[in-house]
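Asks: Please work from the sequences and hints to get the whole structure.
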Amino acid sequence: MANEDLSASERYARAKVKQSAPSYNSFLELLDFALDPFQEQACHALAKGKGVLVAAPTGAGKTIVGEFAIHLAIEKNQKVFYTTPIKALSNQKYAELVARYGPDRVGLLTGDTNTNSDAQIVVMTTEVLRNMIYANSDSLIELGYVVMDEVHYLADRFRGAVWEEVILHLPKDVKLVSLSATVSNAEEFGAWLEEVRGDTEIVVSEHRPVPLDQHVLFGDELMELFAAGSKNQRVNAELVQKHSSKLRIPLGKYTKGKKPKGELDRRFSRIPKISKPEVVEILEDNDLLPAIFFIFSRVGCDAAVRACHQYGVRLTTREEQQEIRYLVEQKTASIADEDLATLGYFEWLSGLERGVAAHHAGMLPAFKEVVEELFLRKLVRVVFATETLALGINMPARTVVLERLDKFNGESRVQITPGEYTQLTGRAGRRGIDTLGHSVIQWSGNLDPASVAGLASKRSYPLISPFKPTANMAVNLIEAFGRKRAREVLETSFAQFQADRSVVGLAKGIREKQISLDGYAKSMECHLGDFFAYSSIRRELSDIEKLLSSTRTRAERGKDIRQTKGRSEHERKLAELKVRMKTHPCHLCSHREAHSRWAERWWQLHRETQAILDQIEGRTNLVASTFDKI
Numbered sequence: 131m132a133n134e135d136l137s138a139s140e141r142y143a144r145a146k147v148k149q150s151a152p153s154y155n156s157f158l159e160l161l162d163f164a165l166d167p168f169q170e171q172a173c174h175a176l177a178k179g180k181g182v183l184v185a186a187p188t189g190a191g192k193t194i195v196g197e198f199a200i201h202l203a204i205e206k207n208q209k210v211f212y213t214t215p216i217k218a219l220s221n222q223k224y225a226e227l228v229a230r231y232g233p234d235r236v237g238l239l240t241g242d243t244n245t246n247s248d249a250q251i252v253v254m255t256t257e258v259l260r261n262m263i264y265a266n267s268d269s270l271i272e273l274g275y276v277v278m279d280e281v282h283y284l285a286d287r288f289r290g291a292v293w294e295e296v297i298l299h300l301p302k303d304v305k306l307v308s309l310s311a312t313v314s315n316a317e318e319f320g321a322w323l324e325e326v327r328g329d330t331e332i333v334v335s336e337h338r339p340v341p342l343d344q345h346v347l348f349g350d351e352l353m354e355l356f357a358a359g360s361k362n363q364r365v366n367a368e369l370v371q372k373h374s375s376k377l378r379i380p381l382g383k384y385t386k387g388k389k390p391k392g393e394l395d396r397r398f399s400r401i402p403k404i405s406k407p408e409v410v411e412i413l414e415d416n417d418l419l420p421a422i423f424f425i426f427s428r429v430g431c432d433a434a435v436r437a438c439h440q441y442g443v444r445l446t447t448r449e450e451q452q453e454i455r456y457l458v459e460q461k462t463a464s465i466a467d468e469d470l471a472t473l474g475y476f477e478w479l480s481g482l483e484r485g486v487a488a489h490h491a492g493m494l495p496a497f498k499e500v501v502e503e504l505f506l507r508k509l510v511r512v513v514f515a516t517e518t519l520a521l522g523i524n525m526p527a528r529t530v531v532l533e534r535l536d537k538f539n540g541e542s543r544v545q546i547t548p549g550e551y552t553q554l555t556g557r558a559g560r561r562g563i564d565t566l567g568h569s570v571i572q573w574s575g576n577l578d579p580a581s582v583a584g585l586a587s588k589r590s591y592p593l594i595s596p597f598k599p600t601a602n603m604a605v606n607l608i609e610a611f612g613r614k615r616a617r618e619v620l621e622t623s624f625a626q627f628q629a630d631r632s633v634v635g636l637a638k639g640i641r642e643k644q645i646s647l648d649g650y651a652k653s654m655e656c657h658l659g660d661f662f663a664y665s666s667i668r669r670e671l672s673d674i675e676k677l678l679s680s681t682r683t684r685a686e687r688g689k690d691i692r693q694t695k696g697r698s699e700h701e702r703k704l705a706e707l708k709v710r711m712k713t714h715p716c717h718l719c720s721h722r723e724a725h726s727r728w729a730e731r732w733w734q735l736h737r738e739t740q741a742i743l744d745q746i747e748g749r750t751n752l753v754a755s756t757f758d759k760i
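Position in the sequence shown counted from 1, then plus 130, gives you the numbering used here.
By construction, these hints were calculated from the structure, which means they are not laboratory data. Positions of the beta carbon are idealized from the N, C-alpha and C atoms, including for glycine. Any given hint could turn out to be false.
[Unchecked claim] Keeping only pairs whose Cα atoms sit at most 25 Å apart, straight-line, the calculated DSS-like set for lysine-lysine is:
hint: 1; residue 1: Lys-302; residue 2: Lys-598
hint: 2; residue 1: Lys-703; residue 2: Lys-652
hint: 3; residue 1: Lys-588; residue 2: Lys-614
hint: 4; residue 1: Lys-537; residue 2: Lys-302
hint: 5; residue 1: Lys-178; residue 2: Lys-302
hint: 6; residue 1: Lys-676; residue 2: Lys-652
hint: 7; residue 1: Lys-676; residue 2: Lys-614
hint: 8; residue 1: Lys-598; residue 2: Lys-178
hint: 9; residue 1: Lys-217; residue 2: Lys-403
hint: 10; residue 1: Lys-217; residue 2: Lys-178
hint: 11; residue 1: Lys-372; residue 2: Lys-180
hint: 12; residue 1: Lys-643; residue 2: Lys-614
hint: 13; residue 1: Lys-652; residue 2: Lys-588
hint: 14; residue 1: Lys-508; residue 2: Lys-461
hint: 15; residue 1: Lys-461; residue 2: Lys-217
hint: 16; residue 1: Lys-537; residue 2: Lys-588
hint: 17; residue 1: Lys-652; residue 2: Lys-302
hint: 18; residue 1: Lys-403; residue 2: Lys-372
hint: 19; residue 1: Lys-217; residue 2: Lys-676
hint: 20; residue 1: Lys-614; residue 2: Lys-598
hint: 21; residue 1: Lys-302; residue 2: Lys-703
hint: 22; residue 1: Lys-676; residue 2: Lys-638
hint: 23; residue 1: Lys-206; residue 2: Lys-180
hint: 24; residue 1: Lys-217; residue 2: Lys-206
hint: 25; residue 1: Lys-588; residue 2: Lys-372
hint: 26; residue 1: Lys-643; residue 2: Lys-180
hint: 27; residue 1: Lys-708; residue 2: Lys-217
hint: 28; residue 1: Lys-652; residue 2: Lys-598
hint: 29; residue 1: Lys-206; residue 2: Lys-302
hint: 30; residue 1: Lys-302; residue 2: Lys-638
hint: 31; residue 1: Lys-180; residue 2: Lys-638
[What the hints assert, rightly or not] Per label pair, the in silico range of CB-to-CB distance:
hint: 32; residue 1: Gly-562; residue 2: Gly-639; range: 24 to 32 Å
hint: 33; residue 1: Asn-266; residue 2: Gln-644; range: 17 to 25 Å
hint: 34; residue 1: Arg-641; residue 2: Thr-245; range: 18 to 26 Å
Replies: So, in structure tokens, the structure goes:
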């Protein structure tokens with residue numbers, strides 16, 4: 131709406147907003163699109179000096195909030211770090227920011243790359259930031275903001291602890307921007323962030339910009355997973371019927387009559403499994419390209435590309451093939467010919483020219499970047515990828531295909547979780563291009579329609595901390611903070627918070643009281659000697675005087691030889707303490723009583739602190755006790 135179309139009161143209100151949020155408005159001027167309500171809410175919170183947790187579906191535009199944090203840091207002449215869980219995502223974000231701000235202003239730090247690390251904006255993997263914190267790096271000086279992309283990675287049982295370590299140890303004046311997939315306990319996670327980081331606004335959006343239509347590929351037949359028009363996402367009855375009928379086969383010749391005829395036996399499923407090139411053909415026939423085909427194996431991804439080549443799959447025109455070859459030759463010009471041959475360059479190029487490619491961590495980074503660019507330019511139409519591609523890399527497709535719903539987790543084959551399913555299918559649907567995104571599950575006899583429907587309909591999942599101290603973590607913590615402080619940090623972990631939210635609050639109170647105790651100790655310092663030792667003598671003397679007064683009262687009520695003997699011992703101790711007090715150097719200090727008042731405050735707060743410590747000790751779960759054992 132143009133400004134002249136507004137009423138006087140509306141123009142005044144808009145001017146008031148612009149005046150109160152100049153940083154926000156200067157950021158909007160850089161954009162060529164309007165922000166969604168959740169993006170506006172998060173940006174306004176940042177502009178007010180708060181931290182933010184943004185939980186929204188994949189592809190909803192969470193990263194715009196991180197970009198606003200960068201804008202604020204530049205305006206304030208502060209540093210900003212943008213962290214990601216994987217190198218590929220760091221590389222992509224670095225390229226985006228260089229395109230916007232120039233190479234002099236942006237740096238990149240990953241396990242094997244160090245580019246312009248002193249820049250105002252630095253993109254890095256989360257482990258790099260964790261290591262900086264432990265090393266007390268000078269790079270943390272003047273750091274104003276940290277953006278943690280894919281912060282729900284905190285739930286990863288192998289690497290998730292790194293995210294908690296960063297959140298807990300990052301200097302408290304640094305504003306944290308946490309970007310997460312939709313999780314069902316965002317409020318709980320946000321409450322923990324509020325406890326350990328200070329004022330944090332929780333922004334949740336469950337709106338998926340491009341709706342998802344979910345299918346199954348039953349043999350060579352593409353079917354809907356859910357019944358048409360089903361508001362409660364009821365499983366497609368035709369799928370249930372087909373699944374049951376295909377599993378019912380005569381078992382006699384296989385089992386020698388050991389089971390009743392007609393009994394279900396998934397070992398001998400008649401559901402046909404079609405090849406990957408055939409799946410690509412079906413997707414093309416149904417106008418479902420471009421597509422990402424998730425295969426939980428690097429070897430499987432490469433084999434799928436070879437299968438498409440052997441089958442004769444070709445998804446590109448002659449002009450597109452020439453464009454692909456030109457771009458590939460440009461991007462790989464710096465690689466020696468003999469190295470290209472070793473890397474399987476010609477086989478890789480042949481696949482690209484057919485519109486087919488693999489994408490996984492085992493590939494040369496330059497090769498992966500070429501695949502990403504060609505896919506975004508719609509020249510590569512099918513990518514066979516491992517699940518790392520689902521972690522925020524900007525490669526949205528019209529369709530996502532899942533070859534199977536289980537994977538090897540390093541120990542055994544396990545079903546993928548609702549969170550993993552949501553993350554994978556989140557790549558389906560290109561905002562501004564597609565009216566619908568599509569997911570396709572290749573059906574097999576070991577799948578159950580009701581279970582698959584349950585997995586696919588659960589659009590959010592809880593974020594559960596797997597945080598557990600390791601020997602390496604313990605060494606780093608103790609070296610950086612000392613044993614006592616390290617233990618206090620562990621007591622404020624999200625794992626501990628979920629086990630007992632009250633302990634986190636108590637532990638935070640301990641840290642605040644410790645700051646006050648340090649201040650009181652500073653105020654009672656005496657130039658003549660150790661006033662803390664002097665105050666300890668006075669305190670012990672006062673305690674004995676109270677005890678003697680109490681025993682005197684009891685003695686007046688009735689004689690007791692034991693009380694008389696005890697009194698004599700206390701009186702001797704009292705006399706000794708009086709001598710020690712009067713001969714202590716601080717006894718002659720002209721500011722003795724002022725110091726004493728600070729000492730009394732210290733002792734009072736010390737008692738309160740100790741009482742809280744006793745409560746924590748009684749409630750502490752395995753997080754801190756595991757650290758103690760290490």
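Asks: Give a verdict on every hint.
Replies: Going down the list of hints, with the structure as the test:
no.	hint	result
1	Lys-302 <-> Lys-598	23 Å, holds
2	Lys-703 <-> Lys-652	30 Å, violated
3	Lys-588 <-> Lys-614	42 Å, violated
4	Lys-537 <-> Lys-302	39 Å, violated
5	Lys-178 <-> Lys-302	16 Å, holds
6	Lys-676 <-> Lys-652	29 Å, violated
7	Lys-676 <-> Lys-614	34 Å, violated
8	Lys-598 <-> Lys-178	35 Å, violated
9	Lys-217 <-> Lys-403	35 Å, violated
10	Lys-217 <-> Lys-178	32 Å, violated
11	Lys-372 <-> Lys-180	54 Å, violated
12	Lys-643 <-> Lys-614	15 Å, holds
13	Lys-652 <-> Lys-588	56 Å, violated
14	Lys-508 <-> Lys-461	17 Å, holds
15	Lys-461 <-> Lys-217	19 Å, holds
16	Lys-537 <-> Lys-588	19 Å, holds
17	Lys-652 <-> Lys-302	23 Å, holds
18	Lys-403 <-> Lys-372	15 Å, holds
19	Lys-217 <-> Lys-676	67 Å, violated
20	Lys-614 <-> Lys-598	17 Å, holds
21	Lys-302 <-> Lys-703	48 Å, violated
22	Lys-676 <-> Lys-638	35 Å, violated
23	Lys-206 <-> Lys-180	15 Å, holds
24	Lys-217 <-> Lys-206	28 Å, violated
25	Lys-588 <-> Lys-372	24 Å, holds
26	Lys-643 <-> Lys-180	24 Å, holds
27	Lys-708 <-> Lys-217	68 Å, violated
28	Lys-652 <-> Lys-598	36 Å, violated
29	Lys-206 <-> Lys-302	18 Å, holds
30	Lys-302 <-> Lys-638	12 Å, holds
31	Lys-180 <-> Lys-638	19 Å, holds
32	Gly-562 <-> Gly-639: 24 to 32 Å	49 Å, violated
33	Asn-266 <-> Gln-644: 17 to 25 Å	19 Å, holds
34	Arg-641 <-> Thr-245: 18 to 26 Å	37 Å, violated
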